[in-house]
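Once you've looked at the hints, dock chains B and C against the given chain A.
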Amino acid sequence: MFLNQFLLFAAVLFCIGIYGVLARKNGVLVLMSIELILNSVNINLVAFGAYNQDLAGQVFALFIIAVAAAEVGVGLAIVLLIYRNRRSIDVAKANLLKG
Amino acid sequence: MIASTLLAAETTADVAFGTLPSLILVPLLTAAVIMLLPASRADYVKLAALIGSVITGAISIYVLWHFDVADPGFQFTAQREWISSLGLSWFLGIDGISLFLVVLTGILFPIAILTTEPHHDPKPYHVWIMLLMAGSMGAFLALDLLLFFLFFEVVLVPMYFLIGGWGHGNRVYAAMKFFLYTMAASALMLVGIVSLVFLAAGDTGGATFNVIELAENHQLSTLASTLVFLSFALAFAVKVPVFPVHTWLPDAHTEAPTAGSVILAGVMLKLGTYGMLRFGVYLFPEVVFDLGWIFMTLGVIGIVYGAAVATMQKDLKRLVAYSSVAHMGFIVLGIFALNSQGMTGAVVQMVNHGITTGALFILVGWIYERRHTREIAALGGLQKSAPLMAGVFTLVMLSSVGLPGLNGFVGEFLILLGTFSAARWWAVVAVSGVILAALYMLWAYQRTFHGPAVGENATMEDMRLSELFGILPLLVLIVFLGVYPKPMLDRIEPSVDALIEHVEERVTDFYEPEPNEVERVGVTGLIEAAEHGESGGEGEEDH
Amino acid sequence: MSILASLAPAIAQTTEFVRPAIDWHAFAPELVLLAWGALVTVIDLIGGERTRRFMPSLTGIGFLLAMIPVLTLWSQNDDLPRVLFDGAYMVDHYSLVLKGIFLVSAYVIVLLSSNYMAEGDYYDAEYYQLIAASVLGMLVMTSARDLISIFIALELMSIPAYLMAAWRKSDLKSNEAGLKYMLMGVFASGILLYGMSLLYGAAADTRLVEIADAIDTGETTPIFTLGVLFTIIGFAFKVSAVPFHTWAPDTYEGAPTPLTAFLAVASKAGGFVALVSVVLFAFPHQWEIAEPVMWILSALTMTVGNLIALRQTNIVRMLAYSGIAQAGYMLAPLAVYSKVPDLAQSSIVTYLLIYAAMNLGAFAVVIIAARKTRSGDIESYGGMFRYAPGITVAMTVFLFSLTGIPPMGGWFAKFQIFNALLSAETTAATVLAIIAAVNSVIAAYYYLAIAKQMWFLPAPDGDHSPIVVPPALMAAVAITVIVTIATGSVGVGLVGDATDFVELLASP
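Chains as they are written, first to last, in my numbering: chain A, 11 to 109; chain B, 163 to 705; chain C, 12 to 519.
Hints in this document: simulated from the structure, not taken from any laboratory. Certain hints may be false.
To be verified - With a cut-off of at most 30 angstroms between alpha-carbon atoms, the simulated DSSO-like pairs for lysine-lysine come out as follows: (1) C:Lys-184 / A:Lys-103; (2) C:Lys-350 / C:Lys-180; (3) C:Lys-383 / A:Lys-35; (4) B:Lys-339 / B:Lys-208; (5) A:Lys-35 / C:Lys-180; (6) A:Lys-103 / A:Lys-35.
In isolation and in its complexed conformation, chain A is listed as follows:
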C-alpha cells in the first residue's frame, strides 16, 4: 500500500487549509479553506480505512461530508447576513468587538 502518499497529500491539503483560514480576509474563502481541511481529513480516514481493512474510516468520512454540508450551509447564511448589513464580507472589517 502506498499509505504515505495519501497521508502526505492530506497533510499538504491540511496546511493549505490552515494557511487559507489564517491569511484570507474574504469570508467565503475562509469557509472554502475550512472545506480543504475537512477534505484532508476525509482523505486520511479513507486511506487509513483501506490500509487497515476497516469500514469505520469510510463511514466516518461520510459523516464528515454530511456535517460539513450543514456547517457550510450555516456559515454561508451568516456570511450572507453580514453582507446584507454591511455590504462587505471582509472578515478583518468585522471588528466592532475587540478581543
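Here is chains B and C on its own, set in the frame of chain A:
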C-alpha cells in the same frame, strides 16, 4: 497524654452533643430572623440581634461553667460525618486554649451590638454582625482542619461588608484591602491543608482532616512539613497581623464602624494567634521548634514598631490600632517561646487584649460620635466635660499599658517570663514595648482629657448611664481578671501543658528550660506573688 | 438459474441483517428530547402565531421530561454501566450526572430567554427548537465513547449555537459574534477531525477504549502523538483555553445575553465532557504527551483569563474572561489524570455542576439588571442594594461563590480541584495548585469590584426606581441561588457522594 485526649473526645461525644453546634446555629438563626423583620423597625432588629447574641453568650458561659478543669483534652466534642469519601467531618470541640476565646466572643458581640449604633441600614448591618458571630464561633470550635479553614474564610465576608458599608472615610478602599490581604494569605493555606492531608494519608490510615489524628500520626518529611507550615503561617501572620504584613490593619481599624473595630480587634485578630497555636504548634512542632526564632523576632519587631508608630499617631483610633500591632506581637512572642508560661501568657493576653482594646475602641467611638473627629489635636480637656468617661478611659488605658492589678499585666508578665527563659534578649527588647506603651497611652490620654477644654470639647456630653451599663461587663472583667486570674489560668494551663508535652514527644532535641522557681510554684503562684510584691514560694503547687 | 440457486445461501447470509439489541431505556433521555423537539416543531408549524407564546414553556417541559429517564436510570444503580452499540455508547454515573446538569441548565436558560426573546423582535419559536437540538447534542456527548459519535454530538451541539449567536439579525455586533463563533468553531472542528483521523489510523478503530488498548500494546508512533496533540488543540478551541480563546469574549459580548449564558455554561461544559472522555478513555497510556500539554494550557488559561478579566469594564466580557479562567481550573485535574484518574474525573464533574449554577445565576442577574439599566457597564451596577436588595444579595451569593468563599458552592469546586491535584503528590501538580491558588486571589479582586459597586457606591444617575423582575427570571435566580448555596453547605456531602460514584470505567 494526647492519646487520652482522643479517648476523652470519644467518651464525651454523646454526652454534650448540641452545646457547641448551638453556639454557631443560634447566631445563624438570629440572622435569618432579622432578615424576616421589617427594615423600618430598627428597634426590633437591634433587639433581635441583642437577644440572639446574649443567648449565644449565655451558652458560652454555660460551657465555661461546666468545663472540666482537670481535663486537658477536648471537651463537649460533637462529631458528625460530612463527606465520608473525603474524610471530612463536622468536628467541634473545646479545650482550655479555645475556651476563653469562645467566651470572649460570646461577651464581646452583645456588648458591641449594645453600645454602638449603625448610622444607616440597621437590618443588613445586624445580619452581617450575627453572621460574623457564627463564623468566629465556628473557627474557634472547629477541630476539623478544613472546617476551620471554611470558618476562617467565612468571617471575611461580613467584615468586608461592615467596613465597606458602614465605615468612615476611605471605607471602600479599607474593606478591599482587608479582604484581599487576608484572602491572598489564606489562599495558599488551602493548598497546604490538602497537601498535608494527602501526604499524611498513609500515616493516618486514609485521608482525614481530623486535627487530632493528623497531629498524632503524620510523618511528613522536614521539607514538606516546613512548606505546609509556612503556608499556614502566612495566613495566620496576616490575620494577626505580624510585622511586615500588618498594613491592612490600621486602615481597616480606622475606617471600620465601632462595632467592626471592636470585633476585629477583639475576636478576629485572635483567629490568627489561635490558629498558630492550634494548627501551627500542634501540627508542626518540629518546624515551630526550628523556625520559632523567626516569629519571635517578628513579634519583637512588631512590639517595638507598633509602639513607636502608635506614639506618632495623630488619630486616636489609629493609635489604638497600632497599639494592637504591638500587643499582638506579645502574643506571637509568647506562643513561639514554646514553654508553659509563654503559651499560657499568650492565651491570657489574647483574651485580655480583646477585652481592653474592645473597650478602647468603644470609648473612641463614643468620643467620635460626640465630637465628629478623632484627631487628638482637636480634642483636649474632655476630663472637665466628661469626667465619667475620663475615669473609664483611665481604667481601660491602664489595663492596656499593663498595670499590675489589672488584666493586661497578667498576660504580658507571663509572656515576658516565658520568653526570658526561652530567649533572653528577645525578652529584653520586648520589655521596651511595655515602656513605650505607657508612653503613648498616657500621652494620648493627657492630650485628650487634660488641658483646657476649648469649643465643643467643653460642652461634650458625658457618658450616659446606658452606655456605662453597656461597657460595665468589660470593666468588671478588667479588674477581676487582673486581681484574681487563677480560675482562668487553672483552665488554660492543663491544655497548654498537654500541648507542650506533645511538642516534647515530637521534637527529639527539645530542651526543657531548667526547672527553676517557675516550674516549682507554677504560673498561678508566680502571678500572685508578683502582684503582691512577694517572692514566689507561697503560691500553690500546680505541678 | 442453478448458479443463482447456489449463490442464494451466500446472498441470504450476507444480506441477512440482525438488528443489534438496543437498550431503549438507556437511550430514553435522548429519545424523549428528540421526540418532544420534533413535536414542538410540528406544533409551531401548525399553530404559527397562536402557539408562539407557549414555545418556551413547551421546550422547558421537554427538558424536564427528559430528566425522568435520567432519574430512573440512576435509580437502577445495579444495571450501570449500560453499554450500547458495541461500546460506542455508554450510560454510566458519569454520563447521568452530566445529563442532569445539562437538562437543568437548559431549563434555566429557557427561563432566562423567554422574556428577552418575547420582548425583542426575534424568531422565538425557532430559537427554542435550536436550543433543544443543541442540548440533544450535549446529551449524546455525555455517553459517546466513539470518535464518530463524539464528533456528531459536538456538531449537533455547535451548529445551532452558531445560528443563535447571530440571532439579532439587524445588530452588527450580533452578526459579528455569530461569524467569529462559526469560523472559529468550524476551524476547530477541522483541526479536531484531523487529529481524530490520525488516531483512527494508528488504532484502526474509532472506539475510545479500543484506541487506548491498541496503543497500549504497540509502541507510540509519531502519527499517534500528532493525533493526540491535534485532538487536544481542537478541544482547546471549543473550551476556549488560552491561547485559543480569542473568539470567546467577542462572541459572548455580541450574542444575545441568554445565549451567552448558554455558550458560557452549557456549550463549554459540552466541550469539556468531550475532552474529558477522550483524554481519560482514549489516552490513558499517553499521559506523557497529554499531561504536560494540559499543564501548560491550564496554567496559561487561568492566569491570562484572570489578568484580562481584571481590566474589563463590561460585565458580560468580564464574566466571559472569568469563564475562561475557570476553564483553566477545570483543565488542571487533566494535568495529573494518569495518577488519579477517578479523582480527576469526579472533580471536573463537580466543578461543572457548580460552575453551571453560579455562572447561570450571574448571567440571570445581568439580564435582570439590563432590563433597567440598558447597559452592561459594571459602573451601572452602582447603588443596586438601595433599589434592588434581593437581586443584590443573589448576585453577592454568585460572586462570592465564584471567589470561592464558603458556604457557597465555589469553594467546594475549587477544593475538589486541589484534591485531585495534590493527591497526585508530584511537584508539577503542587506548582499548578499554587498557581491556581494565586489566581483565585486575582479573581477575588474583580469579583469584589462588582460587589463593591452594588453595595457601597451610589447609583450613577441617582435613579432609584425598582427593577421589575418577571417570574421566569425570578425562578431562574431562585434555582441557581439554591443550587449554589446547597452545593457549598448542606449539599456538599450529597455532591461529594454523587460524584464519588463517577469513576473511571476502563472497559465497557
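Quick rundown of the hints versus the structure:
Note on Lys-184 of chain C and Lys-103 of chain A: the hinted pairing holds, with a Cα-Cα distance of about 12 angstroms set against a maximum of 30 angstroms. With a C-alpha separation of about 49 angstroms, the suggested pairing of Lys-350 of chain C with Lys-180 of chain C is violated against the 30 angstroms cut-off. A distance of roughly 39 angstroms separates the Cα atoms of Lys-383 of chain C and Lys-35 of chain A; the hinted pair therefore is violated under the 30 angstroms criterion. With a C-alpha separation of about 29 angstroms, the suggested pair Lys-339 of chain B and Lys-208 of chain B falls inside the 30 angstroms cut-off, and the hint holds.
At roughly 22 angstroms between alpha-carbon atoms, Lys-35 of chain A and Lys-180 of chain C fall within 30 angstroms of each other, so this suggested pair holds. With a C-alpha separation of about 9 angstroms, the suggested pair Lys-103 of chain A and Lys-35 of chain A falls inside the 30 angstroms cut-off, and the hint holds.
Consistency with the previously given hints fails for numbers 2, 3, ordered from lowest to highest.
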